[in-house]
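Residue numbers (our numbering), protein chains in the order written: chain A, 1 to 257; chain B, 258 to 625; chain C, 626 to 904.
The set of hints was computed from the structure by calculation and includes no laboratory data. A quick note: this is a predicted structure, and the numbers were derived from the prediction, not measured. The reader is advised that the hints may include incorrect statements.
Claimed, not checked - Below 20 Å or equal to it, Euclidean Cα-Cα: the simulated SDA-like pairs (lysine to any residue) are:
id, chain 1, residue 1, chain 2, residue 2
1, A, 168, A, 102
2, A, 76, A, 169
3, A, 76, B, 539
4, A, 76, B, 482
5, A, 10, A, 28
6, A, 76, B, 349
7, B, 583, C, 672
8, B, 583, C, 857
9, B, 583, C, 843
10, A, 16, A, 39
11, A, 120, A, 149
12, A, 168, A, 2
13, A, 168, A, 37
14, A, 10, A, 30
15, B, 583, C, 727
16, A, 76, B, 534
17, C, 843, B, 586
18, A, 120, A, 104
19, B, 583, C, 756
20, A, 16, A, 77
21, A, 76, B, 535
22, A, 76, B, 412
23, A, 168, A, 189
24, B, 583, C, 697
25, B, 583, B, 605
26, A, 120, A, 143
27, B, 583, C, 758
28, A, 10, A, 39
29, A, 16, A, 80
30, A, 10, A, 80
31, A, 10, A, 20
32, B, 349, B, 366
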Amino acid sequence: MSLLAISDLKVSIGGKEILRGVDLDLRSGRVHGLAGESGSGKTMTGLAVLGLLPHGARVSGRVTLGERDLLTLPPKELNAVRGGEIAMIFQDPATSLHPMLSVGRQITEHMRHHLGLGRKQARARAVELLGQVRIPAPEAAIDRYPHQFSGGMRQRVAIAIALACSPKVLIADEPTTALDVTVQAGVLRLLRGLCDDLDLAVLLVTHDLGVMSAVADEVSVMREGLVVETGPRGQVLRDPSHPYTRALLESLPGETS
Amino acid sequence: MSPTSVPSKDLKAGTAPRKPGRTGRAGHRSPLVRFLVRRVLTALLLAVGITLVTFVLTNLVPGDPVSANLGQQALGDPAIVAQWRAEHGLDKPLPEQYLLHLKGVVQGDLGMSQQSHRPVLDDLAEFVPATLELAGVAILISLVSGVAFGVIAALRRDRLSDHLLRVLSLIGISVPTFWLALMAFYVFFYRLQITPGSGRIDPSMSPPPHVTGLYTIDSALSGQWDVFSSAVGHLLTPALVLALYTIGLLTRFTRSAVLEVLGQDYVRAARAKGLPPRVILLRYVLRSALVPIITVAGLAFGSLLSGTVLVEAIFAWPGVGQYAYKSATTLDLPAVMGVGLVVGGVYLVINLIVDVLYGVIDPRVRLQ
Amino acid sequence: MKLPQAWRQPLAIVGGVIALAWIVIALAAPLLAPHDPLAQDLPRLTSPGPGHWFGTDQLGRDILSRVMYGARLSIPLTLLLVVLSVLIGGLLGACAGYFGKWIDETIMRFADLVFAFPTVILAMVVAAALGASLTNAVLAVLVVAWPAYARVTRGLVLGVREREFVVSGRLLGFSAWRSLRVDVLPNITGPILVLATLDIGTALLLLSGLSFLGLGAKPPSPEWGAMVASGVEVFDSWWVATFPGLAILTVVLAFNFLGDTLRDALDPRTARAIKERAL
């Protein structure tokens with residue numbers, strides 16, 4: 001039973017077709033990897049789900065969450081879904097966290113808005129969340145600012161922010177690309193663990209097939225605005241049916257398929 | 258004797274294009290304290306530079322204060338000329354004159370004005386508050402409306418209101434202030450008679466008891482509400498005339514600052530969190546945009562002081578602009594130097610305020 | 626810089642047409658003006674109407690003719706002023722940025738000091754000290770105008786200096802002067818041009834402001850700022866001050882329209898650098 005279903009999603013910006021009919025299914029407790037080279041439309045797919053496409057983009061198709069089509073939802077209701085039911089993590093935590101707001105502020109503000117928590121409750125939950133994403137000394141960390149954390153820690157903060165309102169779906173857009181190789185594994189392990197523990201449906205957008213093979217349950221491969229292949233990880237990565245997937249795999253350094 | 262002899266290493270920190278997050282070498286005190294100490298030191302050095310510039314300007318130029326101050330007949334008499342020069346310390350060598358001047362400044366003695374025959378300090382104490390009141394009200398008006406217009410233009414990008422605000426703000430920065438002052442005076446006072454005339458309060462009233470020198474505040478403090486409303490009424494037109502240029506400037510600048518922030522990742526991240534648009538605008542966008550806006554507002558205050566010279570002339574506003582004009586045209590050197598010190602000082606204070614505000618807004622300046 | 630596209634903006638077209646019209650008026654004033662701008666042979670203070678579209682002033686001179694002749698003073702002087710500030714400020718800023726060290730410190734600290742004073746006040750003191758004349762007013766504006774260019778040029782040169790082609794030129798042993806001229810200069814002309822266009826307005830406002838204060842053009846010269854000043858004396862005859870003021874406004878507006886559009890055509894980062902310094 002799919003939790004979030006994307007069907008025939010089309011996006012054009014300035015007359016140029018970016019997505020040409022994308023279909024994807026996300027299920028609880030599963031990590032769905034979305035692969036493809038830059039410009040293939042994988043990031044746009046993630047943004048389109050939450051209606052975060054750039055100024056002037058046109059969208060058609062369906063993005064269904066339960067009974068609702070997110071693409072036709074009125075702004076107020078869409079805002080309740082954003083952060084509340086579907087959360088997002090962006091590529092570079094150095095730019096996706098506001099540099100002038102404390103970590104605590106950025107974790108608690110949407111909790112208080114979506115869940116109606118008081119200041120104290122929200123703070124207690126924020127400390128708990130920071131602990132959950134393995135930030136050392138969460139009591140102290142909560143009053144600090146993003147620039148006082150390392151890149152990997154910042155991405156953990158961003159994950160804590162995303163988890164704050166206990167969403168059902170998590171869209172992670174290249175969550176490890178901007179991080180040092182040494183901390184990438186930790187962040188991925190965290191994501192995988194959270195997915196299992198919290199029964200999250202995760203859409204993991206990445207161009208890195210190594211990342212993909214480490215954590216994804218299902219893999220979809222995108223090219224030029226279309227999903228060219230989709231299936232269980234083992235099948236897609238070991239025995240690709242589409243020539244483009246094969247080409248992608250062969251370009252992977254070091255590994256032999 | 259050139260102003261460049263000011264030690265420049267420290268000056269650089271204060272005057273280089275400011276980037277948040279630039280903090281100095283490690284030390285034992287808190288970064289904020291070190292930051293402020295460095296700013297104040299920088300300010301003091303620049304202050305010395307300013308006295309030098311005013312001194313050099315007023316002395317190394319061909320204008321002759323003697324001929325500007327003495328009548329034709331007196332000029333013909335070398336004895337009178339020599340006596341006048343000795344009286345005003347003009348017979349000593351220049352470096353000595355400068356040191357004498359600097360010594361005086363430190364002791365709070367700015368010399369005697371050759372025009373008013375009063376200590377320059379007394380003159381300034383009388384005229385500076387009037388200008389500060391005018392410029393202060395003008396900068397408040399400009400900040401509030403300029404930022405509001407700029408935000409509106411940015412949010413309604415490429416729509417009619419944006420284009421309209423663009424044209425209006427360009428008109429704002431293109432209007433000659435002195436002409437606008439005259440037009441406003443003619444239309445609103447002379448023709449329509451809906452604004453009070455020149456001066457700071459109604460001529461039939463006496464100024465409120467001196468506390469700050471700002472009539473609005475002083476009259477409010479002493480509870481003279483008729484004087485207060487008269488003072489506000491007299492302030493409004495010249496302040497609006499003065500503000501038009503800075504409103505235009507801040508509108509344009511706020512628009513581009515806000516647009517730049519709107520494109521940032523963290524704004525998209527905030528939208529992904531489902532925060533209401535109003536919260537995103539106020540907490541996420543404006544906070545970041547405020548840093549460049551404050552920089553420009555600080556610079557805009559300087560252009561307001563420029564404007565006062567022209568506006569005060571039309572509205573007979575007894576401020577430092579008029580005083581500067583009179584002392585410049587009569588080459589009243591002590592008075593000119595006094596004015597130079599005041600405007601330089603205002604520049605330093607504004608810079609200091611701007612710097613402190615950076616620290617307040619941006620934790621990267623405040624913390625390491 | 627995508628010039629052709631930039632010029633297709635309506636604002637740029639309006640600005641261009643107004644600017645062009647003023648240049649034509651300045652060139653052809655002797656042919657266009659209905660009267661001698663200095664002749665005091667008309668009825669005094671006649672309000673605008675047929676025969677004297679802009680009215681006459683308190684000395685019986687035709688204001689329309691004076692406004693037209695005023696363009697012959699203000700426009701070339703302002704252009705000259707901006708060109709000189711670009712040359713002086715640009716050269717000093719380029720040296721500061723290229724050579725660095727004490728040259729940089731000396732020039733930029735001097736620029737900082739000039740920045741510490743409100744432009745009108747500093748220009749006023751300089752003009753007063755030099756003695757009131759239009760030439761001296763131009764010099765005074767020059768004193769306050771050059772640092773903006775020095776700062777922008779320095780910043781741009783610093784940005785270009787470390788780029789590969791400049792570095793490789795230095796490694797090939799080309800002289801500093803050659804590298805400034807051949808490698809650096811072409812890369813900074815665009816932004817400087819935009820700044821200069823925007824500055825034409827500022828310079829004219831300042832110059833006419835000084836004349837308004839009596840520190841520039843002397844009577845009977847038909848300088849716009851001075852004409853507004855003479856309108857102050859007879860302010861109930863509104864036309865005496867209104868038309869020369871409108872002349873200043875339209876010229877400044879035209880160049881601001883042009884400059885603003887050009888700035889948009891530049892990439893945003895350079896544009897912002899300019900905006901911050903062009904105050």
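Structure-based check of all given hints:
{"no.": "1", "hint": "A/168 x A/102", "in the structure": "violated (26 Å)"}
{"no.": "2", "hint": "A/76 x A/169", "in the structure": "holds (19 Å)"}
{"no.": "3", "hint": "A/76 x B/539", "in the structure": "holds (18 Å)"}
{"no.": "4", "hint": "A/76 x B/482", "in the structure": "violated (48 Å)"}
{"no.": "5", "hint": "A/10 x A/28", "in the structure": "violated (25 Å)"}
{"no.": "6", "hint": "A/76 x B/349", "in the structure": "violated (78 Å)"}
{"no.": "7", "hint": "B/583 x C/672", "in the structure": "violated (33 Å)"}
{"no.": "8", "hint": "B/583 x C/857", "in the structure": "holds (18 Å)"}
{"no.": "9", "hint": "B/583 x C/843", "in the structure": "holds (18 Å)"}
{"no.": "10", "hint": "A/16 x A/39", "in the structure": "holds (12 Å)"}
{"no.": "11", "hint": "A/120 x A/149", "in the structure": "violated (24 Å)"}
{"no.": "12", "hint": "A/168 x A/2", "in the structure": "holds (12 Å)"}
{"no.": "13", "hint": "A/168 x A/37", "in the structure": "violated (27 Å)"}
{"no.": "14", "hint": "A/10 x A/30", "in the structure": "violated (25 Å)"}
{"no.": "15", "hint": "B/583 x C/727", "in the structure": "violated (39 Å)"}
{"no.": "16", "hint": "A/76 x B/534", "in the structure": "holds (10 Å)"}
{"no.": "17", "hint": "C/843 x B/586", "in the structure": "holds (14 Å)"}
{"no.": "18", "hint": "A/120 x A/104", "in the structure": "holds (11 Å)"}
{"no.": "19", "hint": "B/583 x C/756", "in the structure": "holds (14 Å)"}
{"no.": "20", "hint": "A/16 x A/77", "in the structure": "violated (29 Å)"}
{"no.": "21", "hint": "A/76 x B/535", "in the structure": "holds (12 Å)"}
{"no.": "22", "hint": "A/76 x B/412", "in the structure": "holds (18 Å)"}
{"no.": "23", "hint": "A/168 x A/189", "in the structure": "holds (19 Å)"}
{"no.": "24", "hint": "B/583 x C/697", "in the structure": "violated (30 Å)"}
{"no.": "25", "hint": "B/583 x B/605", "in the structure": "violated (24 Å)"}
{"no.": "26", "hint": "A/120 x A/143", "in the structure": "holds (14 Å)"}
{"no.": "27", "hint": "B/583 x C/758", "in the structure": "holds (17 Å)"}
{"no.": "28", "hint": "A/10 x A/39", "in the structure": "holds (15 Å)"}
{"no.": "29", "hint": "A/16 x A/80", "in the structure": "violated (30 Å)"}
{"no.": "30", "hint": "A/10 x A/80", "in the structure": "violated (24 Å)"}
{"no.": "31", "hint": "A/10 x A/20", "in the structure": "holds (5 Å)"}
{"no.": "32", "hint": "B/349 x B/366", "in the structure": "holds (18 Å)"}
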